[in-house]
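K.L.:
Letter by letter, the chains look like this.
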Amino acid sequence: MAQSQGWVRRYFKAFCKGFFVAVPVAVTFLDRVACVARVEGASMQPSLNPGGSQSSDVVLLNHWKVRNFEVQRGDIVSLVSPKNPEQKIIKRVIALEGDIVKTMGHKNRYVKVPRGHIWVEGDHHGHSFDSNSFGPVSLGLLHAHATHILWPPERWQKLESVLPPERLLVQSEEDY
Amino acid sequence: MLRGVLGKTFRLVGYTIQYGCIAHCAFEYVGGVLMCSGPSMEPTIQNSDIVFAENLSRHFYGIQRGDIVVAKSPSDPKSNICKRVIGLEGDKILTSSPAGFFKSHSYVPKGHVWLEGDNLQNSTDSRYYGPVPYGLIRGRIFLKIWPLNDFGFLRDSPNSHRFSDE
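As given, the protein sequences belong to chains A and B, one line each in that order.
UniProt numbering numbers the first residue of the first sequence as 1 and each following residue consecutively.
UniProt numbering numbers the first residue of the second sequence as 1 and each following residue consecutively.
Bear in mind the hints are in silico, worked out from the structure with no lab data behind them.
Within a straight-line C-alpha distance of at most 20 Å, the following computed DMTMM-like cross-link-like pairs (lysine to aspartate or glutamate) qualify:
hint : chain 1 : residue 1 : chain 2 : residue 2
1    : B       : K110      : B       : E89
2    : B       : K110      : A       : E86
3    : A       : K88       : B       : E89
4    : A       : K88       : B       : E28
5    : B       : K78       : B       : E28
6    : A       : K88       : A       : D123
7    : A       : K65       : A       : E160
8    : A       : K83       : B       : D91
9    : B       : K78       : A       : E97
Which residues of chain A face chain B? A few of them, derived with a C-beta cut under 8 Å, are:
hint : residue
10   : V25
11   : V27
12   : D31
13   : V80
14   : N84
15   : P114
16   : L139
17   : L141
Under 8 Å between C-beta atoms, here's a sample of chain B residues computed to sit facing chain A:
hint : residue
18   : I22
19   : S75
20   : P133
Values in this document were obtained by computation on a predicted structure and should not be read as measured data.
Built from N, CA and C at the ideal position, the CB exists for glycine as well.
Build the full structure now, drawing on both the sequences and the hints.
P.N.:
Below, the structure written as structure tokens:
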């Protein structure tokens, strides 16, 4: 009798110990290092989701790379939507702070990106809810850098940080 | 000898990672202790006061008008600002000076909040940089723990005239 009770207690203790180690470590890893996410929508075609709603790409989101809010022009990033904080959106960085952007569909023709902000656009212009609608976004909303497509297997690739050729900047900060 | 040292080092690293992760989870999902600096929230919060902030309201979208929140600064994501929520999305905000003859209003856009410091004379807030996206809010301050003579829940805004009537 005493022996079986001892066994249960030891098992319970081991479980609790494992639980309180594994859960915080896993949560911290997913919040701070990397996680995966399914991309929905057509705003980043043809780079992401070229097949439309038939097959959604699954991407690797790298939090560690943006821990100091360092992004380059051309990176594909995920950020908290400025219009709906419950949603994350995935777009390409077109311009950094200090750059002057020639907008496509924004109320102002040219916008200078303020300090601490970035200008993001989806690759599929016209079908994208991006900075052309809501203006420059604060870097504090940056969530992660999408580095690779993981699924479907035939679309396994590293996502390149290139600016679409038609979106070259009017003037960038480094020109001064 | 070497194996003993190696074993101890691994154990130390293991504990550091474990407690670091527990600390991250606590700060991110529950709350933490913060020190506020600057005069923009006087008299409610003075310079170098220590307060307790909870992060549950942010995750459950329970931030309300009149709450004091800590948020990432819109122009510098590495620093935090501590202000009071004057308006939520859809609220009408008076943007001109109250003493002026022509009053101009604007509406807080969807997904944003309007923040102002209690010390209106000496605060850089939404009157300067515009409405702040909700996603920048990190937590809600609800308890002051230092200095001890001012311990307790935080007072209501001294600027109740700034809140919209609707």
